[in-house]
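> Keeping the supplied structure of chain B fixed, place chain E upon it in accordance with the hints.
Protein chains in written order, with the numbering used here: chain B, 16 to 130; chain E, 20 to 131.
Since the hints were made in silico from the structure, they are not lab data.
Treat each hint with caution, since some may be false.
[As the list claims (entries may be wrong)] Distance condition first, Cα-Cα at most 25 Å in a straight line; then the derived BS3-like pairs of lysine-lysine:
| hint | chain 1 | residue 1 | chain 2 | residue 2 |
| --- | --- | --- | --- | --- |
| 1 | E | K78 | E | K61 |
| 2 | E | K88 | E | K78 |
| 3 | E | K88 | E | K76 |
| 4 | E | K61 | B | K28 |
| 5 | B | K72 | E | K61 |
| 6 | E | K76 | E | K87 |
Below, each chain spelled out in residue letters.
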Amino acid sequence: KAGVTQTPRYLIKTRGQQVTLSCSPISGHRSVSWYQQTPGQGLQFLFEYFSETQRNKGNFPGRFSGRQFSNSRSEMNVSTLELGDSALYLCASSLMSGKLTGELFFGEGSRLTVL
Amino acid sequence: EDQVTQSPEALRLQEGESSSLNCSYTVSGLRGLFWYRQDPGKGPEFLFTLYSAGEEKEKERLKATLTKKESFLHITAPKPEDSATYLCAVQAPFGGAQKLVFGQGTRLTINP
Chain B
16 KAGVTQTPRY LIKTRGQQVT LSCSPISGHR SVSWYQQTPG QGLQFLFEYF SETQRNKGNF
76 PGRFSGRQFS NSRSEMNVST LELGDSALYL CASSLMSGKL TGELFFGEGS RLTVL
Chain E
20 EDQVTQSPEA LRLQEGESSS LNCSYTVSGL RGLFWYRQDP GKGPEFLFTL YSAGEEKEKE
80 RLKATLTKKE SFLHITAPKP EDSATYLCAV QAPFGGAQKL VFGQGTRLTI NP
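In isolation and in its complexed conformation, chain B is listed as follows:
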């Protein structure tokens, strides 16, 4: 069974540019969430999607956005990149939203460097 797949794995952008990251969840998983991981702040929740609807959003500026497609694949976009956006962006999937298992299956992440 394939795991959560994130692309690209590494990318370098310059300030002011925008970036789109992609996530394919485990087959059958309908819930997808995104997290940002930095050495200073650790893992921070960005947003959660279920059945193409955003169910929850973390405390990030509007430059961070996302969406989910009918096949459960998800993308997140960051516009007007800042140096502080350099981070590992992790996607996680689970079978369904609302099920209190806490068992999220994480991908290996997309490492974004902003110069």
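Frame of chain B, contents of chain E only:
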């Protein structure tokens, strides 16, 4: 505001030397506490879910326990392959099931 604090930040042990990692939490209405393991360059990997004080879960050399204010991850006779960063997280009282509040993690190194 929900908070999770893990200690120590880093821990070095000799192979076979047992120890415990601590996770203190402040949350208004705990829905669940979770332990994950993260290897360098990888995403976190789920270990345990604990729901109520007094609950314990075990997996190989790891045992997680929960009280009303903190959780411990006990590691018994660790091996070098147990080296990783261990993350503790709580589920936010409101919102979707995937919104977890993570601690900063404990970086565990087991020397052979």
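> Against each hint, give a clear statement of whether it holds in the structure.
Here is how each hint holds up against the structure:
As the CA atoms of K78/E and K61/E are separated by approximately 20 Å, the hinted pair is consistent with the 25 Å bound. For the suggested pair K88/E and K78/E, the alpha carbons sit about 22 Å apart, so the restraint of at most 25 Å is met. With a C-alpha separation of about 17 Å, the suggested pair K88/E and K76/E falls inside the 25 Å cut-off, and the hint holds. Restraint check: the Cα-Cα separation between K61/E and K28/B comes to about 22 Å, which is no more than 25 Å; the hinted pair holds.
Of the supplied pair hints, the one linking K72/B and K61/E holds, its CA atoms being roughly 24 Å apart against a limit of 25 Å. Taken as a hint, the K76/E and K87/E pair is honoured in the structure, with Cα atoms around 16 Å apart against an allowance of 25 Å.
When the structure is compared with the earlier hints, no violation turns up for any of them.
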